[in-house]
Amino acid sequence: MARTGSSAAQAGFAPVDGGRMQAPVITVLIDLPPDQDYHVATLAALDHAAHSLSMPLEVRVVPTDTIESHLIADPGAAVVVGPGSPYRNRERALDIIRSAREKGIPLVGT
Amino acid sequence: MLVEHARNLAGIQDATHAEYRAGGTEVISLLGCSLQGQTITVALAPGSRLARLYGALQAVERTTCSYGLALEMQHIASEHGMRPVAIDDTGEVRAVERTDHPFFLATLYQPQLRSEPRRPHPIFVGLLRAVTRRD
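As they're listed, the protein sequences go chains C and Y. Per my numbering, numbering through the first sequence is continuous, rising by one, with the last residue being 112. Per my numbering, numbering through the second sequence is continuous, rising by one, with the last residue being 137.
Honestly, the hints are just simulated from the structure, not real lab data. Computed from a prediction, not measured in an experiment: that's the story for all the values here. Note that beta-carbon positions come from the ideal geometry of N, C-alpha and C, so glycine has one too.
These stretches of chain Y come out as covered by chain C in the derived footprint (C-beta under 8 Å, 3 or more residues):
id	region
1	4 to 10
2	100 to 106
3	122 to 130
Now the stretches of chain Y that chain C is said to cover, found in silico as 3 or more residues with beta-carbon under 8 Å:
id	region
4	14 to 22
5	113 to 119
Chain Y is nowhere near these chain C residues, computed Cβ spacing over 10 Å in every case:
id	residue
6	Pro35
7	Pro65
8	Ser71
9	His72
10	Ile74
11	Asp76
The shape of chain Y in the complex, shown without the other chains (with noise of 0.2 Å):
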């Protein structure tokens, strides 16, 4: 998704992602430490569609991403209609949501592997109602 922000929104029309190892300007790199496996504490931005979904402002998630958004390229997340909403405790931006859109949502977090049949995680039960206010 900051692929295509950064191709379509953002003028960079070469945005790559590093995994692809196929040239052009690296919006998603290598983290210098891979989070692959791990536990992420976020701090969730007042007022962003995420924290009301959370109704917190902060959230412990797990991670299997080893890449995230470039050091370089950190300013993207918050232009053309992107905002960072969720940051990690090393500053890292670790969701973005878009403004102007009814439901527009990227983690560099697996929402999913937390979600229980009893207590579905709030990121899908969103989306899922964002479907039915366009009904």
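If we strip away everything but chain C, and leave its shape as in the complex, we get (with noise of 0.2 Å):
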């Protein structure tokens, strides 16, 4: 599973194996620190599920007072919204979740 910053991958999908194959890119919001435990479990279990499915996969951490406008309007293949809240910017991740219910494109809260 690929870990990248916000810049990566357009229209919800990335190149992997020298761009043969395209990873879904999934949008995980979070304000938590890289080395908190729930920042650590919720990539972890996307990890895991991923590999259980054999699926290529590249996650990007996206904490809410970074999301740009492009994000809103393309979030991805999936969104999740991870633990711990209050948000820096909650407006932002609202539109986020706006955008991911408006779109048809998967994404679960925790």
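Build the complex: two chains, separate frames, hints provided.
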């Protein structure tokens, strides 16, 4: 499972294996520090699920105060809203949730 | 997700979460008895996507939540395409899903805390399966 910053990947998929396959990009909204237990557990759960499905995956961790307009327009192949509220920028997080709802993009909020 | 639902679909434009202490209508409020760090048992709604994911009508999960759907707002979990799909043993809503969406699920517990390499959590597996169905 690859992990990228918020600038990676367009249109929900990112090239892997030299561009031959397209890995779905999962956007994880989380403000907790990377070494915090719930942050680690959220990424690990995606990793466990991806391995069980033999599925390539690119995870894009996005703190809510770094959400840019293009991410709201294109939230990726799926969105995970992680634990740890209050979020630094709740309004932007709500914009992503609305976008995923309206576009039919899979989303889970925990 | 419930705040977004309340604002944009249920017509509660000032819907907010008590944690922000910013005024407005509290859709998410502080639980009388904090569930932080507890294990809860939830009953899953028959026929729901969540119950299908678990393959069961009951689940035991860990929670770090100190907040839940406000008692006077419980009705919005059953309106405008939302459906309550997990209820704890106090009768409070612990998960909702949309009936008009391929996969749109919110839990007031943390399934990721129970995921293991050889036992991935069904919610996360379901999320990724939903991604592959969209390809």
